[in-house]
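Peer 1: Sequence:
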Amino acid sequence: MSLAFGIAIYFVIWWIMLFAVLPFGVRTSEEAGEASNAGFAESAPHKPKLLPKILATTILSGIVFAGIYAMMVHHVITLDDIPFFPRYEPVQEAH
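Residue numbers (the working numbering): 1 to 95.
You may find that some hints are simply not true.
Listed below are the simulated EDC-like cross-link pairs for lysine to aspartate or glutamate, each with C-alpha atoms no more than 16 Å apart in a straight line [to be verified]: (1) Lys-47 x Glu-30; (2) Lys-47 x Glu-31; (3) Lys-47 x Glu-34.
If you anchor each label on the Cβ, the simulated ranges turn out as follows [claimed, not checked]: (4) Pro-23 x Ser-2: 32 to 38 Å; (5) Gly-6 x Glu-42: 38 to 44 Å; (6) Pro-86 x Leu-22: 36 to 42 Å; (7) Glu-42 x Val-73: 47 to 53 Å.
Read the hints as simulated data drawn from the structure, not as lab findings. Just so it is clear, CB atoms sit at the ideal spot from N, CA and C, and this is done for glycine as well.
Work out the full structure, taking the sequences as your base and the hints as a guide.
Peer 2: This is the structure in structure tokens:
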């Protein structure tokens, strides 16, 4: 796996994990027992606590990326293991 490919995979995993983590612990102003500010949607989070969510996303993404990296490097799952992919014969080089 090249460095650029690894960074791209980590970036995609990070964004997916961010959207999975964002809803945790979200409360609206009404649920927090405070008045909603004018100009904001009533469903807007009261205190979104983004820094802990970003840190959690980074840690979880690192764990998921490590698993995917290990599977790719150690060939745990190959393209031949995926049932709906076509089977190709190895190419013989002419000498």
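Peer 1: Could you run down the list of hints and mark each one as holding or not?
Peer 2: Taking the hints in turn, this is what the structure says about them:
The hinted pair formed by Lys-47 and Glu-30 meets the criterion: a straight-line CA distance of about 12 Å does not exceed 16 Å. With a CA separation close to 11 Å, the supplied pair Lys-47 and Glu-31 stays within the 16 Å bound. Annotation: proposed proximity of Lys-47 to Glu-34 holds, straight-line Cα distance about 11 Å (limit 16 Å). A hinted range of 32 to 38 Å for the beta carbons of Pro-23 and Ser-2 is consistent with their spacing of about 34 Å.
Between Gly-6 and Glu-42 the CB atoms are about 42 Å apart, so this pair conforms to the stated range of 38 to 44 Å. As the Cβ distance of Pro-86 to Leu-22 is approximately 38 Å, the hint placing it in 36 to 42 Å holds. Judged by the Cβ atoms, the range 47 to 53 Å given for Glu-42 and Val-73 holds: they are separated by roughly 49 Å.
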